[in-house]
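Chains as they are written, first to last, in the working numbering: chain F, 81 to 526; chain W, 81 to 526.
Derived by calculation from the structure, the hints in this document are not laboratory data. Treat the numbers as computed from the prediction; the structure is a model and nothing was measured. Heads up, a few of these hints could be off.
Because identical chains cannot be distinguished in the list, a pair is counted as satisfied if it fits within a single copy or across any two copies.
[Stated by the list, open to error] Capping the alpha-carbon separation at 25 angstroms, the derived lysine to aspartate or glutamate pairs in DMTMM-like fashion look like this:
1) Lys122 - Glu151
2) Lys122 - Asp344
3) Lys122 - Asp285
4) Lys122 - Glu467
5) Lys122 - Asp443
6) Lys122 - Glu108
7) Lys122 - Asp406
8) Lys122 - Asp434
9) Lys122 - Asp395
10) Lys122 - Glu164
11) Lys122 - Glu462
12) Lys122 - Glu403
13) Lys122 - Asp415
14) Lys122 - Asp436
15) Lys122 - Asp457
16) Lys122 - Glu388
17) Lys122 - Glu411
Number of protein chains: 2
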Amino acid sequence: MTATVDAPTSARAGEVEEPPAGQDAVREAVLDVCRAARVASKALATATRATKDAALLAVADALVAQAPRVEAANARDLERGAAEGLPANLLDRLRLDAGRLAAIAGAVRDVAALPDPVGEVVRGQTLPNGLRLRQLRVPMGVVAVVYEARPNVTVDAASLALKSGNAVVLRGGSAARETNAVVVEVVREALAASGLPADLVSTVDEHGREGVRHLLRARGLVDVLVPRGGAGLIAEVVRSSTVPVIETGTGNCHVYVDAAADLDVALAVALNSKTQRTSTCNTAETVLVHAAVAGAFLPALLTAMSAEGVRLHGDDAVRAAAEGLDGVEVEPATDEDWATEYLALELAVAVVPDLDAALAHIDRWSTQHTEAVVTRDLAVAERFAAEVDSAAVMVNASTRFTDGAQLGLGAEVGISTQKLHARGPMGLAELTTTRWVVTGDGHVRA
Amino acid sequence: MTATVDAPTSARAGEVEEPPAGQDAVREAVLDVCRAARVASKALATATRATKDAALLAVADALVAQAPRVEAANARDLERGAAEGLPANLLDRLRLDAGRLAAIAGAVRDVAALPDPVGEVVRGQTLPNGLRLRQLRVPMGVVAVVYEARPNVTVDAASLALKSGNAVVLRGGSAARETNAVVVEVVREALAASGLPADLVSTVDEHGREGVRHLLRARGLVDVLVPRGGAGLIAEVVRSSTVPVIETGTGNCHVYVDAAADLDVALAVALNSKTQRTSTCNTAETVLVHAAVAGAFLPALLTAMSAEGVRLHGDDAVRAAAEGLDGVEVEPATDEDWATEYLALELAVAVVPDLDAALAHIDRWSTQHTEAVVTRDLAVAERFAAEVDSAAVMVNASTRFTDGAQLGLGAEVGISTQKLHARGPMGLAELTTTRWVVTGDGHVRA
Numbered sequence: 081m082t083a084t085v086d087a088p089t090s091a092r093a094g095e096v097e098e099p100p101a102g103q104d105a106v107r108e109a110v111l112d113v114c115r116a117a118r119v120a121s122k123a124l125a126t127a128t129r130a131t132k133d134a135a136l137l138a139v140a141d142a143l144v145a146q147a148p149r150v151e152a153a154n155a156r157d158l159e160r161g162a163a164e165g166l167p168a169n170l171l172d173r174l175r176l177d178a179g180r181l182a183a184i185a186g187a188v189r190d191v192a193a194l195p196d197p198v199g200e201v202v203r204g205q206t207l208p209n210g211l212r213l214r215q216l217r218v219p220m221g222v223v224a225v226v227y228e229a230r231p232n233v234t235v236d237a238a239s240l241a242l243k244s245g246n247a248v249v250l251r252g253g254s255a256a257r258e259t260n261a262v263v264v265e266v267v268r269e270a271l272a273a274s275g276l277p278a279d280l281v282s283t284v285d286e287h288g289r290e291g292v293r294h295l296l297r298a299r300g301l302v303d304v305l306v307p308r309g310g311a312g313l314i315a316e317v318v319r320s321s322t323v324p325v326i327e328t329g330t331g332n333c334h335v336y337v338d339a340a341a342d343l344d345v346a347l348a349v350a351l352n353s354k355t356q357r358t359s360t361c362n363t364a365e366t367v368l369v370h371a372a373v374a375g376a377f378l379p380a381l382l383t384a385m386s387a388e389g390v391r392l393h394g395d396d397a398v399r400a401a402a403e404g405l406d407g408v409e410v411e412p413a414t415d416e417d418w419a420t421e422y423l424a425l426e427l428a429v430a431v432v433p434d435l436d437a438a439l440a441h442i443d444r445w446s447t448q449h450t451e452a453v454v455t456r457d458l459a460v461a462e463r464f465a466a467e468v469d470s471a472a473v474m475v476n477a478s479t480r481f482t483d484g485a486q487l488g489l490g491a492e493v494g495i496s497t498q499k500l501h502a503r504g505p506m507g508l509a510e511l512t513t514t515r516w517v518v519t520g521d522g523h524v525r526a
Numbered sequence: 081m082t083a084t085v086d087a088p089t090s091a092r093a094g095e096v097e098e099p100p101a102g103q104d105a106v107r108e109a110v111l112d113v114c115r116a117a118r119v120a121s122k123a124l125a126t127a128t129r130a131t132k133d134a135a136l137l138a139v140a141d142a143l144v145a146q147a148p149r150v151e152a153a154n155a156r157d158l159e160r161g162a163a164e165g166l167p168a169n170l171l172d173r174l175r176l177d178a179g180r181l182a183a184i185a186g187a188v189r190d191v192a193a194l195p196d197p198v199g200e201v202v203r204g205q206t207l208p209n210g211l212r213l214r215q216l217r218v219p220m221g222v223v224a225v226v227y228e229a230r231p232n233v234t235v236d237a238a239s240l241a242l243k244s245g246n247a248v249v250l251r252g253g254s255a256a257r258e259t260n261a262v263v264v265e266v267v268r269e270a271l272a273a274s275g276l277p278a279d280l281v282s283t284v285d286e287h288g289r290e291g292v293r294h295l296l297r298a299r300g301l302v303d304v305l306v307p308r309g310g311a312g313l314i315a316e317v318v319r320s321s322t323v324p325v326i327e328t329g330t331g332n333c334h335v336y337v338d339a340a341a342d343l344d345v346a347l348a349v350a351l352n353s354k355t356q357r358t359s360t361c362n363t364a365e366t367v368l369v370h371a372a373v374a375g376a377f378l379p380a381l382l383t384a385m386s387a388e389g390v391r392l393h394g395d396d397a398v399r400a401a402a403e404g405l406d407g408v409e410v411e412p413a414t415d416e417d418w419a420t421e422y423l424a425l426e427l428a429v430a431v432v433p434d435l436d437a438a439l440a441h442i443d444r445w446s447t448q449h450t451e452a453v454v455t456r457d458l459a460v461a462e463r464f465a466a467e468v469d470s471a472a473v474m475v476n477a478s479t480r481f482t483d484g485a486q487l488g489l490g491a492e493v494g495i496s497t498q499k500l501h502a503r504g505p506m507g508l509a510e511l512t513t514t515r516w517v518v519t520g521d522g523h524v525r526a
């Protein structure tokens, strides 16, 4: 925090910048939402877990009870989306029916059942001079989540923020705007009915793209911003935001099949990592195969991938192995293939001479999300885990396990690929910070 | 990390930007230093503690053995500084004599004696499906430290970075450039003699201000940047850096004397917080006094502060209390006084009607560094600790205790006032990140 002070009516607004002329109304509206969130967050910072859990259960119940209201708004979004020519898969991502709402409500109840990170004593001791130290886990304060077109994120983000003692300001994009507006209303009503400030959950959707711009620059009012969406959204947020950002998940993930791999395991892991779901950040985009097992493994890999409809790119060795395989076509791979996160049924494959080469390829091309090794060799597994500079390393397991729920962390705010503050799947603890509380008896320094 | 890929010769250079024409030579030189640091860091990431400690002890010994060489360079900096009219206190900050070098070497040996954070298993479990999870503490990679004119920071930063498995790129400013250049040479020679890459420690000082600009934008090659210096330096770094920054310490710290305070403790804590050292970030800048004890306390506080040469600013109640006190002058306080981190023998004092008002004042004006409360009342102490949104809260203790060494954390990289990643004094663990290592037996997702 710099020593600049803004208009005294805004607490902690020391770094809010002056906007171009004409945007003042939108800017003030957005900052007002953030200020109200900040005030609300102070009430929640000291709330007991029981209070927060009761509110979450009320939110879950309200989502189910108000399903017709939500579905009606959702229908309007779907109608508009179809009219604007949204493809079927994107319309499907938008759709909320009674079943999906029930699942969302269930996820909220799951969050209520999680332990409360707030109040954890991360560490502490009594010093030789008698000072009693505690490093306490406390809420971040105000969390902003900027996401695209997935109404379940609205509730996910709200429930995780509330459980960890934070207020949340949401920006959900225009495709799901009617759905999100009603969902936020339902949540706010449930909070108020529980005796908590409705302003704990709010949205800036009505202010459109201009609103987001001011949200990104509300440093001092918003404590952390989590973008969830495609690489374009994330890059723009990282570039423009003065609010601290937790950069989530572009995943150019690799599976390395080692000389000592169990080839049946390798096939299962590679197939699952690529095809179990193709548009997620933890989907594998490149398979590296040790030359010693390439002859035995590539035919099975390429045939199985082709059978799943995966478009293949490979180096010369891979293309040579593909010759004579029915129904298998492998296009020549270029550097762009090694670099690309396809997010589709598409895969790049290379043969590597040894583990060193595999590690070098990964070091050069990965986005530091998740890399998997298939091997029976302990030293190889240990070296891979120690030297691959990614958020997660899988040993004889699918890259698809980099996921908060899969790793037992509870629901997930996103998967961080950065190194500071959070790395890998982000859960409740990542929405908190810490505070030192030092108690003395008049202690002073000599 | 975005999916952009830069020239393939640079590992992880996906986000390095194109510079204005003509700066290419400096930019390449700086990026080369960062690339070399990154390569060196990979060798250190898997080094045992024994290896790192031996290198640190070699560094300590070399600093002592090479003292004449360092002092000769230091003499040149002091001569130049005096010729350029540097004030005596700044010249003193630059000075390195045999005694100070011995103390610096001792601090390096202390770091060698600290536990190694690398390899800590932060958490882990075996999931119901049999997946074995570990969240490992691993080095950040390449740490950059940008600081001003304090040669001991050169060695501090290097020793902490090395101990935590990182390479470090330094920028120490022009005032101490000859000293720092020689110190870095001595450290590099000691590392090489210990069998580690000399490029683990390097400096971009020779490239001046232009060099720093490229260092700040070496996102992808440098993992974290720590600025240490005045508010101006920190603000500029935060504003310009695309490398993740850990914002360190402007401290507009408060001491709140509660209605239930032991007034002797209050006086001692207030005096120590303000005067024990005046130019540090954990120095108190404002004292708030509950109205119920103002009559009894203010005369003693104002008299004692004046006797220490502290220039006083106060609200009307404080000025009224000052009337009739010999040798005590209190200037009228404005909002600027509540906002200002004086970093001098200067203090703002206000009377507050109650705890709520004290908390509101702190919430509005603090830079979220350190706030102290003096009270005998348990509920007041608990509420203060729970509601003051700062990195550290002192209860009946001086604000000067917010310090890595004082809190038993070992040597200190800086004191963070941000909420993400590190909060309060930053030690070894804050120069690390984590990695999930998940081991299965061919596990795939359904």
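Status of each hint after checking the structure:
For a Cα distance limit of 25 angstroms, the shortest separation of lysine 122 from glutamate 151 qualifies neither inside one copy, at 33 angstroms, nor across copies, at 53 angstroms. In this assembly of identical chains, the alpha carbons of lysine 122 and aspartate 344 never lie at most 25 angstroms apart, being 54 angstroms within a copy and 32 angstroms across copies at closest. Only within a single protomer do lysine 122 and aspartate 285 lie at most 25 angstroms apart by alpha-carbon distance; the minimum there is 24 angstroms, versus 44 angstroms between protomers. For a Cα distance limit of 25 angstroms, the shortest separation of lysine 122 from glutamate 467 across copies, 8 angstroms, qualifies, whereas the shortest one inside one copy, 42 angstroms, does not.
Only between protomers do lysine 122 and aspartate 443 lie at most 25 angstroms apart by alpha-carbon distance; the minimum there is 11 angstroms, versus 43 angstroms within a single protomer. In this assembly of identical chains, lysine 122 and glutamate 108 lie within 25 angstroms of each other by CA distance solely inside one copy; the values are 21 angstroms within and 48 angstroms between copies. Taking CA atoms no more than 25 angstroms apart as the test, lysine 122 paired with aspartate 406 passes in neither setting, with 65 angstroms inside one copy and 43 angstroms between copies. Proximity of lysine 122 to aspartate 434 under the C-alpha cut-off of 25 angstroms is restricted to the inter-copy arrangement: shortest distance 18 angstroms between copies versus 55 angstroms within a copy.
Proximity of lysine 122 to aspartate 395 under the C-alpha cut-off of 25 angstroms is found in neither arrangement, the shortest distances being 57 angstroms within a copy and 27 angstroms between copies. When the C-alpha separation of lysine 122 and glutamate 164 is checked against a cutoff of 25 angstroms, the pair qualifies neither within a copy, at 42 angstroms, nor between copies, at 50 angstroms. Taking the shortest Cα distances, lysine 122 and glutamate 462 sit within 25 angstroms of each other only across copies (15 angstroms), while inside one copy they are farther apart (45 angstroms). Taking CA atoms no more than 25 angstroms apart as the test, lysine 122 paired with glutamate 403 passes in neither setting, with 66 angstroms inside one copy and 39 angstroms between copies.
For the homomeric pair lysine 122 and aspartate 415, the shortest alpha-carbon distance between copies (24 angstroms) is at most 25 angstroms, but the shortest distance inside one copy (50 angstroms) is not. In this homomeric assembly, lysine 122 and aspartate 436 come within 25 angstroms of each other (Cα to Cα) only across copies, at 13 angstroms, whereas the closest approach inside a single copy is 52 angstroms. In this homomeric assembly, lysine 122 and aspartate 457 come within 25 angstroms of each other (Cα to Cα) only across copies, at 22 angstroms, whereas the closest approach inside a single copy is 53 angstroms. With identical chains, the CA atoms of lysine 122 and glutamate 388 are never at most 25 angstroms apart, being 52 angstroms at best within one copy and 38 angstroms at best between copies.
In this assembly of identical chains, the alpha carbons of lysine 122 and glutamate 411 never lie at most 25 angstroms apart, being 57 angstroms within a copy and 34 angstroms across copies at closest.
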